[in-house]
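Asker: Chain A is fixed; fit chains B, C and D onto it per the hints.
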Amino acid sequence: MNDCSILIICCEKMKETVERASLENSAVLALPCLGRIDEAVILRAFRKGADAVIVAGCVEGNCKYNSGNYQARRCVNEVRDILEEIGISGERLEILNLSPNQAVDLVNLFENMKEVVLRLGHPDILGAER
Amino acid sequence: MYEVGIIGGGAAGLAAALELSRRRVSSVVIDSDKHIGGLSRDLCCKANPVCQRCDACSPVDIRREVRKSPFVTLISSSDVIDASGGPGAYTLSLQSSSGISEIEVKSVIVAIGSPTFDAARDARYRYSDCADVLTSRDLETMMISGNISVPSTGKTPQSLAVIQCVGSRDAKHGAPYCSKVCCKYSLKLVKRVRKELPEIEVTFFYRDWRPSDREYDKLAEYGKEKGVHVVRSRPAEVIIGSRPLVRYATVEDEVREDPFDIVVLAVGLQPPQNSQKLASSLGMECNQYGFFIKKGEGAYAAGCCTGPKDIRESVEEGIAAAGKAAAFLEGLQ
Amino acid sequence: MILIVGGGKSSEIAAEEVIRQGAVPLRLVLPEETFSFLPDVETVKGRLLSFTGVQGNFQAEIEIDREVKKFNVGAAVIAVDETPKVSDTDCITLSSILENNYLKCSGTIVILLDAKKPSRASHIVAVEKAIEIKDNNPDCRIYIITPEVRTFGLDELEYCKAQKKGIIFIRAEDIKHSSGKMKVTDSPSGKVLDITPDLVITDEEQEVKNAALWAKAFSINLYEDGHFRLGNVSRGPVTSMRNGVFLCGTASRALLPREMDTSARAAATRAVTASQTPLMLNSAEVDEEKCASCMTCVRVCLFHAPSINEKGKSEICRDLCQSCGLCVNLCPASAISFKGVSRIELRNAVDDVLRCLHE
Amino acid sequence: MIIAERKPISEIISIIGNNKKILIAGCRSCASVCMAGGDREVATLSEALGLYSDLNSLGWEISEISKERQCEKEWAREIAEEASSADVILSLGCGVGVQFIQEVSGIPVFPGLNTSNMGGPEEQGIYLEKCGGCGDCTLHLTGGICPIARCSKSMLNGPCGGSQNGKCEINPDTQCAWDAIYQNLKRLNCLEMLSEIIPPKNWIPSRSGGPRKIIRKEMVLSEDEKKIKEGLE
Numbered sequence: 018m019n020d021c022s023i024l025i026i027c028c029e030k031m032k033e034t035v036e037r038a039s040l041e042n043s044a045v046l047a048l049p050c051l052g053r054i055d056e057a058v059i060l061r062a063f064r065k066g067a068d069a070v071i072v073a074g075c076v077e078g079n080c081k082y083n084s085g086n087y088q089a090r091r092c093v094n095e096v097r098d099i100l101e102e103i104g105i106s107g108e109r110l111e112i113l114n115l116s117p118n119q120a121v122d123l124v125n126l127f128e129n130m131k132e133v134v135l136r137l138g139h140p141d142i143l144g145a146e147r
Numbered sequence: 614m615y616e617v618g619i620i621g622g623g624a625a626g627l628a629a630a631l632e633l634s635r636r637r638v639s640s641v642v643i644d645s646d647k648h649i650g651g652l653s654r655d656l657c658c659k660a661n662p663v664c665q666r667c668d669a670c671s672p673v674d675i676r677r678e679v680r681k682s683p684f685v686t687l688i689s690s691s692d693v694i695d696a697s698g699g700p701g702a703y704t705l706s707l708q709s710s711s712g713i714s715e716i717e718v719k720s721v722i723v724a725i726g727s728p729t730f731d732a733a734r735d736a737r738y739r740y741s742d743c744a745d746v747l748t749s750r751d752l753e754t755m756m757i758s759g760n761i762s763v764p765s766t767g768k769t770p771q772s773l774a775v776i777q778c779v780g781s782r783d784a785k786h787g788a789p790y791c792s793k794v795c796c797k798y799s800l801k802l803v804k805r806v807r808k809e810l811p812e813i814e815v816t817f818f819y820r821d822w823r824p825s826d827r828e829y830d831k832l833a834e835y836g837k838e839k840g841v842h843v844v845r846s847r848p849a850e851v852i853i854g855s856r857p858l859v860r861y862a863t864v865e866d867e868v869r870e871d872p873f874d875i876v877v878l879a880v881g882l883q884p885p886q887n888s889q890k891l892a893s894s895l896g897m898e899c900n901q902y903g904f905f906i907k908k909g910e911g912a913y914a915a916g917c918c919t920g921p922k923d924i925r926e927s928v929e930e931g932i933a934a935a936g937k938a939a940a941f942l943e944g945l946q
Numbered sequence: 039m040i041l042i043v044g045g046g047k048s049s050e051i052a053a054e055e056v057i058r059q060g061a062v063p064l065r066l067v068l069p070e071e072t073f074s075f076l077p078d079v080e081t082v083k084g085r086l087l088s089f090t091g092v093q094g095n096f097q098a099e100i101e102i103d104r105e106v107k108k109f110n111v112g113a114a115v116i117a118v119d120e121t122p123k124v125s126d127t128d129c130i131t132l133s134s135i136l137e138n139n140y141l142k143c144s145g146t147i148v149i150l151l152d153a154k155k156p157s158r159a160s161h162i163v164a165v166e167k168a169i170e171i172k173d174n175n176p177d178c179r180i181y182i183i184t185p186e187v188r189t190f191g192l193d194e195l196e197y198c199k200a201q202k203k204g205i206i207f208i209r210a211e212d213i214k215h216s217s218g219k220m221k222v223t224d225s226p227s228g229k230v231l232d233i234t235p236d237l238v239i240t241d242e243e244q245e246v247k248n249a250a251l252w253a254k255a256f257s258i259n260l261y262e263d264g265h266f267r268l269g270n271v272s273r274g275p276v277t278s279m280r281n282g283v284f285l286c287g288t289a290s291r292a293l294l295p296r297e298m299d300t301s302a303r304a305a306a307t308r309a310v311t312a313s314q315t316p317l318m319l320n321s322a323e324v325d326e327e328k329c330a331s332c333m334t335c336v337r338v339c340l341f342h343a344p345s346i347n348e349k350g351k352s353e354i355c356r357d358l359c360q361s362c363g364l365c366v367n368l369c370p371a372s373a374i375s376f377k378g379v380s381r382i383e384l385r386n387a388v389d390d391v392l393r394c395l396h397e
Numbered sequence: 004m005i006i007a008e009r010k011p012i013s014e015i016i017s018i019i020g021n022n023k024k025i026l027i028a029g030c031r032s033c034a035s036v037c038m039a040g041g042d043r044e045v046a047t048l049s050e051a052l053g054l055y056s057d058l059n060s061l062g063w064e065i066s067e068i069s070k071e072r073q074c075e076k077e078w079a080r081e082i083a084e085e086a087s088s089a090d091v092i093l094s095l096g097c098g099v100g101v102q103f104i105q106e107v108s109g110i111p112v113f114p115g116l117n118t119s120n121m122g123g124p125e126e127q128g129i130y131l132e133k134c135g136g137c138g139d140c141t142l143h144l145t146g147g148i149c150p151i152a153r154c155s156k157s158m159l160n161g162p163c164g165g166s167q168n169g170k171c172e173i174n175p176d177t178q179c180a181w182d183a184i185y186q187n188l189k190r191l192n193c194l195e196m197l198s199e200i201i202p203p204k205n206w207i208p209s210r211s212g213g214p215r216k217i218i219r220k221e222m223v224l225s226e227d228e229k230k231i232k233e234g235l236e
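Top to bottom, those sequences are chains A, B, C and D. Residue 18 is where the first sequence starts when you use my numbering, and the numbers rise one by one after that. Residue 614 is where the second sequence starts when you use my numbering, and the numbers rise one by one after that. Residue 39 is where the third sequence starts when you use my numbering, and the numbers rise one by one after that. Residue 4 is where the fourth sequence starts when you use my numbering, and the numbers rise one by one after that.
Isolated chain A, as found in the complex (with noise of 0.2 Å):
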C-alpha cells in the first residue's frame, strides 16, 4: 500500500521548500500565489485519484499578497464540508502554513497524512487512473 498518492498544493515562495523537502510519490503543484485555489481545484485532485491533498502556503501575515493563505483556510474548510456531505473523510485535506526554515513542519504532517491514508484507504474513484 505504498503507492498513495498525495498532492502538495503550494505558492511560488513555498516551491522551493517543498521540493527541497522531496518526497516520495507526492506532486507539487505550484501557483503563484495561495488565493488562486478555489473548492473546484481541490475536489478536483480527489476526483483524479490523490488520496490526500495538502495545500501548504505562506505563514499568515507573511503572504506576499497578504491574503492569499487567509482565503485558502477559508477555502479549505468550505471542501471539507463539501468533502464530508459527499462521503469522503475530511481528514485526508489539511491546510498548513509553512515558513521558509520551517519544512520540517511539513515532512511531519507529510508522515502522518500517511497514516491518514493508509488507516482510510483509497477513496475508489472510478475515473481515477490508478
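Nothing false has been slipped in among the hints.
Short derived list, chain C residues pointing at chain B, Cβ under 7 Å:
1. Gln59
2. Glu186
3. Val187
4. Phe190
5. Leu192
6. Pro275
7. Arg291
8. Ala292
9. Thr300
10. Ser301
11. Arg303
12. Thr307
Result set (DSS-like, lysine-lysine): computed pairs, CA atoms no more than 25 Å apart in a straight line:
13. B:Lys837 <-> C:Lys154
14. D:Lys216 <-> D:Lys204
15. C:Lys203 <-> B:Lys785
16. C:Lys123 <-> B:Lys831
17. B:Lys831 <-> C:Lys214
18. B:Lys801 <-> B:Lys831
19. C:Lys154 <-> B:Lys804
20. A:Lys32 <-> C:Lys377
21. C:Lys154 <-> B:Lys801
22. B:Lys890 <-> B:Lys907
23. C:Lys155 <-> B:Lys801
24. C:Lys155 <-> B:Lys831
25. B:Lys804 <-> C:Lys155
26. B:Lys908 <-> C:Lys47
27. C:Lys229 <-> B:Lys837
28. D:Lys229 <-> D:Lys216
29. C:Lys155 <-> B:Lys837
30. B:Lys907 <-> C:Lys47
31. B:Lys785 <-> C:Lys202
32. B:Lys831 <-> C:Lys154
33. B:Lys681 <-> A:Lys32
Calculated directly from the structure, the hints in this document are not laboratory data. Glycine included, each C-beta is placed from N, C-alpha and C at the ideal position.
Answerer: Same frame as chain A, now just chains B, C and D:
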C-alpha cells in the same frame, strides 16, 4: 578577480551580495563556517500562528536567491587571515583546509557579524553545570527540531523562566552596552513557545523593557495573560537542584527562590573577535569594544560587526554597504 | 530619476545617498511643511495627485501652486518622518529645547518621559540633554521620570554616565502633576516622592501628518495608528506593499538616528536598483460582458487594482496588479483571468500533475 | 438584489435521484452577486457531483452553462436547447430562473438554490434582508428603515418591548428595526415623526393579496405588432 569581496556570509553579507548581483556586480562571499548563513541560520519561525515579523525567514529567502545568482561566488569554511592593499585593489589571503590562497578584489565589505555571549562565562547562572539552564539559541534549536522537552528529564516543561540581559548591560563581562534585540526577541520566542505548549507558566525577569517598533506596552499587556508573570528584577543566581531555582529580589525587597523546569538566558551580542587586526589591515577603525566604525571609502562594514542590531537592520545595512560599494566602483572607472 | 517624499532627516539622507549612487533625486515636500535646504537636490513644494505606472517607469502628477506637472520617475522612496504632536501642556517639550539651549537654569529640573507614543530616540535625547545641563551647572538637581529607561545599544553608556553624574532616574507608573507640585510613586519600591520642580521638560507624542494623503496617492495602506504599513517580511526590508515604492523614515517604523540613517540609505539603494530593473507582471484582465459588477474583486484586492469603470464593469489597473490571482479565484462570474491560471488551465494542470504521479 | 443560498449537496443529490445526464445552469446576475449561483459555484458543484458520482460509480455526465440572466425567455430558451441531451437541468439561478427555464424546457428543471429574500451585502459575504415586497412602501414614515421586512413581528408602531440593547429578542444577532429607526430619526433630527401613529396597513398589494402582475402599459406591444414580429400571416 572579483569586484567586491564580502567577508562573512551572514544576513548582512548575503544581503549585500544579493543587492550587488541585482546591479550585475560580481562578488565573492567568504564564510568561515561550513554552512553559509551565520547567526540567523538556525532561527525558527516565530509565527503564533500569525507572523510576528521576527524576520527570521528573510535571510533564508536571500540565501536562496543568492545561490541562484550567477554573480555571486560562495566560499565556505575558509577564514580571512590577512588583507592588504588599498581602496580599488585589495588582496585577501584565505586559509582553508586546502591551504592558503589569495583573492584580488576592488572593494571589501566586512560582515563578520558578532557571536552571542558565551553563557558559561557568567558563573552565577551555572550554565555549564546544569542541563536545564539553556541559552536562547539552545531553545531555538530545540524549537526547530519540533519537540520542546526538559533536557534532564525529557518530559514537557510546565514552567519556564526567561532571564534578560545576560552578557549585556554587564560591565564585569566586558559588555556594558545594551544588545538592543534580546527584549523583542525573547517576547516573540516566548509567544512561540506558548503556541506550542499553551499551558506553560512563563516568568520574565527583565530590567527595562526595550521593544522594537512601537510595542511600548506589549510586555505589560502580555503579563496580564494567564500563566505569564513579569518581574522587574535581575536574578542574583541560579541554584542547582532537582529543578533549577532562580534566586531574585522582588520589587518589595524580599528574596525569593522559585523553581523552574527550564531557565532560558537571553544572551546578548559580543563584539567580533580579533576585529582590530582585520580593521587595521583594511584601513578601518574599531571603537573601544571592537565594533567596526563605518567610515571611509573602499572598505565598508555592515551587520552586527558594527554594533548589536536585529536581522532587519543588518539586512538593511548590508544593502546600504552594497550601494556604497557599487557607487565606489563606478567612481573607479 | 527617483522621487523622494518627505521633508525630514530621512529624506535628506536618502537624497544624498541617491546622488552618491549616480541617480537624480526629486524631493517632494507638502506646501505647508518645513524642510531643510539641500544644495544639489531639486526640492519641489506641491501635492502629489497620482502615482501611476510600474517599477522602472512611474508617472507622478504633482500639483505645484495650482499647476499640474508630470514627472517620469524610476522608483519612489517614502521618507516621511513623524513630527511631534502640538501638545497643549504648559511645560516645555523636549524637541523645543534642542535648538535653544536652556543651560542657565538651576534648581530642580524634571524630565518627564511618559508620552504614549514617543519617538524611539526620546530617551537618549533626554539623557544627553540632562548630562549637558548637569555639566554647565552642577548644583542643580535633575530627575528623569519614566516607566522604562529605553537607551538602546551603545546609548546605554550615556545612561551610565548620567547616573555617575548624579542624575536621578525614577521608574514611575502614575505621576500626579498639578500646579507646580509633583507626586510620583516609584514603581519598584512603591515609595511616594514629592518634588517641586522649577522646570518640567516632557517628551511629546509623535504623529504622521497627512499620512492618508500620501497613502492614497501611492495606493499603499496604513496601520490603525496612522503609520505607513510595511511590506510583509517576505517582500524584503524597506519595501511597501507596492513594487517600486520603498519605505524608510520614522513614519513607517520607530527608528533611532543611526537606524534611520541605515534605513534611508538602504531604501535609496533599493530604489536606484529598482529603477534600473523594470518589472513587467502580466496583469489580470476582466471579460466585460461576463462581469456581474458585484465588486467582490474591488473589495478583496489589497493593492487597490480593480475598480468599477464608467461602464459599470470592473477594470483592473495594469500597474497596480501584482498578478496574485485572488480576484481570479473569487470572481463569481469567472470574468477575470490571466495567462496560466484560468479555470481550464488550472483544471488541466491538476490532471497532468496527478496523471504523471500515477505513472 | 435577490439573495439566495446553495442547497446542501446531500439535498441536491437526493433531488437528482437516479438521473444520469445533468446540465448545471448558472446565472450571472443576482445569484452571482450573492456568491450562490455564478460560474464559480457552478464549477464547484459540478466537481463535487462528479466526485460523488465517481465515488459511487453512478456514471453521471455533468455539463455546465452560464447565462447573463435566467429570468429572460430568450436566455432560458438557449439553456433549454443546450440541455437537449441531458436528463435534467439543475438551475443555480433564483426561483424565478428555475421557473423560466421549466416553461421552455422539455425536461425537468430542479432548483439548486434556496431563494431567500431581497436585500444587500452588509459586508463581503454577509447578506441582509432589507425589503419584504409588501407593494405599498411607507419607508418615508419610518426614517428609511422598513419595519415590515426587518422587524421579526413587522410591528408598525414602535418596538415590541422585547428587544434588549438594540437586538431583537427572537434572534440576538438581528438588529431591532425600531431601534435602528429611532437612531436614524435622531440622526436626521426628526424624532417627532415617531409620535405620529401609522394607520393599519392595506395588505392587498402585498403577497397575501395573491400573486401580483405589474403592467407598464406603454411598453406592451399590440397584437398585430406581435404577429408581424413572430412572422405569422
